[in-house]
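Visitor: Hey, can you work out the whole structure from these sequences and the hints?
Below, each chain spelled out in residue letters.
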Amino acid sequence: MVAGAQQNGQVIRLEEVRKTYQMGTEQVHALADVSTVFGSGEFWAIMGPSGSGKSTMLNILGCLDRITSGRYILEGQDVSTLNDDALSEMRLRHLGFVFQSFNLLAQLTVRRNIELPLYYLGWEAHRSAARAIELAERVGLGDRLNHTPTELSGGQMQRVAIARALANDPRILLADEPTGNLDTATGIQILELLKELNAQGKTIIMVTHDPKIAQWAPKRLHMLDGHIERIEED
Amino acid sequence: MQQVRILRNIMLGVENLLLHKLRSFLTTLGVVFGVGSVVAMLSVGEGASKEALDQIRKVGSNNIILHSIKSVEEVGQSTTRSHMSVYGLTYDDAMRITEALEHVKQVVPAKVVRKDARLGERVEELRVVGTTPAWFDLVQRDVIAGRVLLPDDVRNLAGVVVLTEYGARRLLATENTIGQTLRVGSEYFEIVGIVRSEEGMAGNIQMPDERTDAYIPIEVARERFGDINTRRSAGSFEREMVELHQMIVEVDDMENVEVTATGIQAMLKRFHKKEDYRMSVPLALLRQAEATKRTFNIVLGSIACISLLVGGIGIMNIMLASVTERTREIGIRRAIGAKQRQIISQFLIETVVLSTLGGLIGIGVGLLIPWIITQIAGMPTIVTLKSVVLSVGISIAIGVVFGLYPAVRAAQVDPIVALRHE
Ligand SMILES: Nc1ncnc2c1ncn2[C@@H]1O[C@H](COP(=O)(O)OP(=O)(O)OP(=O)(O)O)[C@@H](O)[C@H]1O
Ligand SMILES: [Mg+2]
Chain E
69 MVAGAQQNGQ
79 VIRLEEVRKT
89 YQMGTEQVHA
99 LADVSTVFGS
109 GEFWAIMGPS
119 GSGKSTMLNI
129 LGCLDRITSG
139 RYILEGQDVS
149 TLNDDALSEM
159 RLRHLGFVFQ
169 SFNLLAQLTV
179 RRNIELPLYY
189 LGWEAHRSAA
199 RAIELAERVG
209 LGDRLNHTPT
219 ELSGGQMQRV
229 AIARALANDP
239 RILLADEPTG
249 NLDTATGIQI
259 LELLKELNAQ
269 GKTIIMVTHD
279 PKIAQWAPKR
289 LHMLDGHIER
299 IEED
Chain U
986 MQQVRILRNI
996 MLGVENLLLH
1006 KLRSFLTTLG
1016 VVFGVGSVVA
1026 MLSVGEGASK
1036 EALDQIRKVG
1046 SNNIILHSIK
1056 SVEEVGQSTT
1066 RSHMSVYGLT
1076 YDDAMRITEA
1086 LEHVKQVVPA
1096 KVVRKDARLG
1106 ERVEELRVVG
1116 TTPAWFDLVQ
1126 RDVIAGRVLL
1136 PDDVRNLAGV
1146 VVLTEYGARR
1156 LLATENTIGQ
1166 TLRVGSEYFE
1176 IVGIVRSEEG
1186 MAGNIQMPDE
1196 RTDAYIPIEV
1206 ARERFGDINT
1216 RRSAGSFERE
1226 MVELHQMIVE
1236 VDDMENVEVT
1246 ATGIQAMLKR
1256 FHKKEDYRMS
1266 VPLALLRQAE
1276 ATKRTFNIVL
1286 GSIACISLLV
1296 GGIGIMNIML
1306 ASVTERTREI
1316 GIRRAIGAKQ
1326 RQIISQFLIE
1336 TVVLSTLGGL
1346 IGIGVGLLIP
1356 WIITQIAGMP
1366 TIVTLKSVVL
1376 SVGISIAIGV
1386 VFGLYPAVRA
1396 AQVDPIVALR
1406 HE
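For the record, the sequence lines run as chains E and U.
Quick note on our numbering: the first sequence kicks off at 69 and runs consecutively.
Quick note on our numbering: the second sequence kicks off at 986 and runs consecutively.
Calculated from the structure, these hints are not laboratory results.
Each hint should be verified, as a subset may be incorrect.
[As the list claims (entries may be wrong)] Partial list, derived from the structure: chain E residues whose beta carbon lies under 7 angstroms from chain U:
| # | residue |
| --- | --- |
| 1 | 133 |
| 2 | 149 |
| 3 | 153 |
| 4 | 156 |
| 5 | 171 |
| 6 | 184 |
| 7 | 188 |
Here the structure is a predicted model, which is why all the values come from computation and not from measurement.
For every residue, glycine included, the Cβ atom is placed at its ideal position computed from N, Cα and C.
Guide: In structure tokens, the structure reads:
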């Protein structure tokens, strides 16, 4: 499978990746020798039943978790052996996260939430403020900059989360059930936004268990018991 | 650039603390009272020791003061009718001390006799002190009018007198009285000057001067009043012969005061059969005052340390609770790319801001308490810059020490677990 993928434009490459959890005497293989490639500018849905390893896969792709064995190459760099600081740096520079439960900081305004990655990137205040305003407008929330998340609807919160994920201008967006807490209509708006971002060149990997939502992604990876069961492409 | 960043981090910390104003305030209370008590304690100690120091300085820390006293047996015997008691320091003592002890700069002898003095219509009992001009070097008091005794007065056996301000006032003497004649007992003296005086005790030391002193050259006192003093009481005569009532020994350097005191003690013991003198060493009292201050500081310091410890533990407790409460926030920040040390510094900045703020308020409290003590108890207090700087330092240190553990705990939270945290 690795051999079949085009060498050019690979942003993510997993080689025999294994993630094992020790549960007492038993070993749980959340990922069992997964090898695959995600190309630049692609839009993927990762599907599968509960416990099949979708979130584990996304956490590893997102440098939040470490693999037990194998190799993980992100943006041409082997990240399997990196230390905590270096992994943080990878997240900061190359990745954007969108979560099911939005994960905004409730006490901060929309603007401050969007500025968060820029703060860790060390941007100057006025520059990151300008960037936050630009991004808020891009997701249609230019008039909500000084609101706190509690004053927003679910859809609006997810837009803020997307704006925040875009702040560091990453090539890759990782989304774990981004529409899971939204009603159908609002979910569709978010999916449209993701599709638009994909059209602008972002690589998007989205975890979902809903086939209807997965249909928005041109490429779909089905997981089962820590294996890749099959790959679908439109 | 680096400063701007630190400033921004501090501002973000302050912003965060302002979200929980009451909690932040309560958290700092321990530090407020801890620092307040440190500042107050140091100011009371400082005030007390400065007062002691000032008093001792009035006597002179380089001086050793000797007084003649009636020894115990003498007091018993003096009831016999025509008995004359002979006791006290002698002219020979003065000479021996001047000559035999190497660190003695000079010895100022004083011969004291109480006499009625008359100026015009006014009569007042004065303590007539026969002494040398050097008295005024060692007992430094302001000269209000005229002059003090001069070497010429001694050489010429001049019948001149220097009054104290208080005595002068009692006799209705003013600046204009300089040059007039004062009758002391049956002798006549020309008033040449008026000086200020101190009276009473400095620490445990009797001041060398009194309010109603009248200073005359010692040779004149000896010639006109003699060494024998007769006092009439309840029909019986009390006669005593005392050469010198008092002696101030000036030592060349503070370091040599103790050894000289020992030397004088040994010498007097050799030449006096009875202990008819008393020695006071202001420096020894100064040392004692300093030792007391140290003890005082240690006791109050430990109490203050305990309250600071309690304050620090309070901060740590709240910060640990805050870390748990903010686990999800930590997870979010980590997912976005915050490094562990950035999480540490975020939490550490918050505790340091809290404890420093507590320290600053505490300094306010620490200024207020001594003020109240001074108002109510009349105790002198001095807040030194040193104690303020020390307190700020301590409060920052408390923030770092007690904030470090919660901050490290925060940084070690697993981001995946933290993101799932409710
Ligand atoms: N921290 C952990 N410790 C032990 N086992 C774990 C841990 N995290 C995940 N697992 C196990 O790994 C397997 C894959 O879990 P994962 O969360 O990736 O599934 P999922 O596909 O995301 O499921 P869902 O659709 O329910 O979110 C499961 O069997 C799970 O029990
Ligand atoms: Mg999952």
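Visitor: Now, for every hint given, state plainly whether the structure supports it.
Guide: Hint by hint, here is what the structure shows:
{"no.": "1", "hint": "133", "in the structure": "6 angstroms, holds"}
{"no.": "2", "hint": "149", "in the structure": "18 angstroms, violated"}
{"no.": "3", "hint": "153", "in the structure": "5 angstroms, holds"}
{"no.": "4", "hint": "156", "in the structure": "5 angstroms, holds"}
{"no.": "5", "hint": "171", "in the structure": "5 angstroms, holds"}
{"no.": "6", "hint": "184", "in the structure": "6 angstroms, holds"}
{"no.": "7", "hint": "188", "in the structure": "5 angstroms, holds"}
When each numbered hint is compared with the structure, a violation occurs for hint 2 only.
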